[in-house]
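Since each chain sits alone in its own frame, please combine them into the complex, following the hints.
Chain residues, written in single-letter form:
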Amino acid sequence: MMRATRAAAFGAAAIMLMPAAGHADGKETIEYRQHIMKTLNEQSAALGQILSTTIPGDNTAAHLEAIALAASLALKAFEAKAPGGEAKPEVWSNWADFSKRMNDFSRKTAEMAKISREQGTDAALANVVDALSCKGCHDVYRAEKK
Amino acid sequence: MILLLRNRSAALLKLTLVGAAFMGTSLLPVNAFADDQEVIDYREHVMKTMGEQVAAMNQMRQAKIAPENLAVHAEILAVTAATAKNAFTPRVVGGKAKAEVWANWQDFSKRLNELVAATADLAKTAKQGGLAAAAPKMESALTCKGCHDVYREEKK
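Going down the list, the sequences are from chains A and B. Counting from 15, one number per residue, gives the positions in the first sequence under the working numbering. Counting from 2, one number per residue, gives the positions in the second sequence under the working numbering.
Okay, chain B solo, but in the shape it has when bound (with noise of 0.2 angstroms):
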């Protein structure tokens, strides 16, 4: 793994250290050995993910990019909001998540369901009907603001 991961040369030592350790202790709760710093680190390559593809989208729909592979981007996008959820289930305040993600759960959690379903629709839209077919319904479906305005706190 050291090959592949910048900044995570420790996955394989510590997959033979602590994976020998840990895994398959069934009394352990589903989050035991996951620390803080990498719940927040994970959920942060979800978000950074949809970030980079909503990047690329805008460039196609800015007609800067050929658009040919949209509906790849879209998918890559549905099946990345399809993995939020899982990512925010453990309740670690920090990062640049507010205490109201946990707080207020059933509203975020939602939120992420109606991305999953609306990020499902779009790449569905782009496969069929391409840009011109999706555009219409790129504003609609990135509901990515309405989320961070409430419950992201804007760090520099």
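Chain A extracted, bound-state conformation (with noise of 0.2 angstroms):
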């Protein structure tokens, strides 16, 4: 009983400490970003693995699909200033340039599944490498931890 008064109490002062952009706790929103950056490394990893011709290209409209689909969903997971897992604290100290990185990711990525679903994957793969701006921004806004 004590707990559960304790428990609401809590709860209330979340809620009016909570940032504009959402009813999500901090390790809400980092768990759901970092969903978006596994999906994002697991479709970048299979299309690889395709690039290297270790496996069959049947899929690779569909990773292109995938990628595009989830950059989509990234800057919005990162609006709520929520510090912590790797994030650097620029993300939102330098959140024109985050955001600009992000989209511009966002628009390239979606161009590419745009010419692979036109003109076909060879095509659009010829721009895979400037689309796939991962390592750029993580030098700049990530702290890997080991």
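Derived by calculation from the structure, the hints in this document are not laboratory data. Hints should not be assumed to be uniformly reliable.
Said to hold, decoys possible - Chain B stretches covered by chain A per the calculated footprint, using a threshold of three residues with CB under 8 angstroms from any CB of chain A:
id	region
1	54-65
2	79-88
As the list claims (entries may be wrong) - Simulated coverage check for chain A against chain B, where a stretch passes if three residues somewhere in it have a Cβ under 8 angstroms from a Cβ of chain B:
id	region
3	39-45
4	58-66
5	76-83
Claimed, not checked - If you want the ones that stay clear, here's a sample from chain A, every Cβ over 12 angstroms from chain B, calculated:
id	residue
6	K95
7	A110
8	K114
Each residue gets a CB set at the ideal place from its N, CA and C atoms; glycine is no exception.
Listed below in structure tokens is the structure:
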């Protein structure tokens, strides 16, 4: 009973402290954006196997689609200011640069998926290294934990 | 590719070396140059993608994350589900896959087909009706556990 009351009180306090962007608490917000990043990682790795010809390319278009869709969600997932995980505080202190990079990433992967649908995967993959700007952003905004 | 693929820095090198040697050699069976670990890794990339997407969708279902992008997650899930059959077609026992995947291929692939249909329907529902419409369907659409109970080995 006591515990329930305290939990309720804590809940009420947490609500008051919530950032404008949503009803998610920090831990959930961090996990959520990590689900998106890990999706990008699995799909990029699958695509990389295809590019290295160790795996046949039947699913290439689907991987490009999945990457573009996940990329389109990424900026929104970082909007709630929730420092932690592997994200550096610069994500939010340099928001204009961070969001520009994320928008570029989303736009280029969407373009790649579109080319794949309209002209085939070979044409789409011509831009793959430029479109997948993962490392450029991580070098600045991610503190990778070993 | 080095810049984007952790653990896959050899990708470009392989592309030039292995690729130049083998690509277009029509006598090779489809997976002749896919070594077994690559095949296992690949299908695990597919499965892990679905795992991440279902986890994100569950955060929304539990009201921990605002659900406005539920439909996009459902679409990623549907797109990825459709890649699973190709990924399991090469008969490579290993990873967490039981040998029954291939011994009972008819049942296994039927289950994958059902997942593809159910996730496509879920994506459509989420797009049209958002969380309210999609939530009641999630349990039945996500047949993940039913298949894992039969065909996946639990390793720690």
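For each hint, the structure was consulted:
1. For the region 54-65 of chain B, the proposed coverage by chain A is satisfied: 6 residues have a C-beta within less than 8 angstroms of a C-beta in that chain, meeting the threshold of three.
2. Restraint check on the region 79-88 of chain B versus chain A: 6 residues with Cβ-Cβ distances below 8 angstroms, three needed, restraint holds.
3. Check result for the region 39-45 of chain A against chain B: holds, 4 residues qualifying (beta carbon to beta carbon below 8 angstroms, three or more required).
4. For the region 58-66 of chain A, the stated coverage by chain B holds: 7 residues have a C-beta nearer than 8 angstroms to a C-beta of that chain, and at least 3 were required.
5. Residue count for the region 76-83 of chain A with a Cβ under 8 angstroms from a Cβ of chain B: 5. That meets the three needed, and the coverage hint holds.
6. Every CB of chain B lies more than 12 angstroms from the CB of K95 of chain A, the least distance being 15 angstroms, so the non-interface label holds.
7. Annotated as non-interface, A110 of chain A keeps its C-beta farther than 12 angstroms from every C-beta of chain B; the closest such distance is 23 angstroms.
8. For K114 of chain A, the condition that its CB be more than 12 angstroms from all CB atoms of chain B holds, with the nearest at approximately 19 angstroms.
The structure meets every hint from the earlier list without exception.
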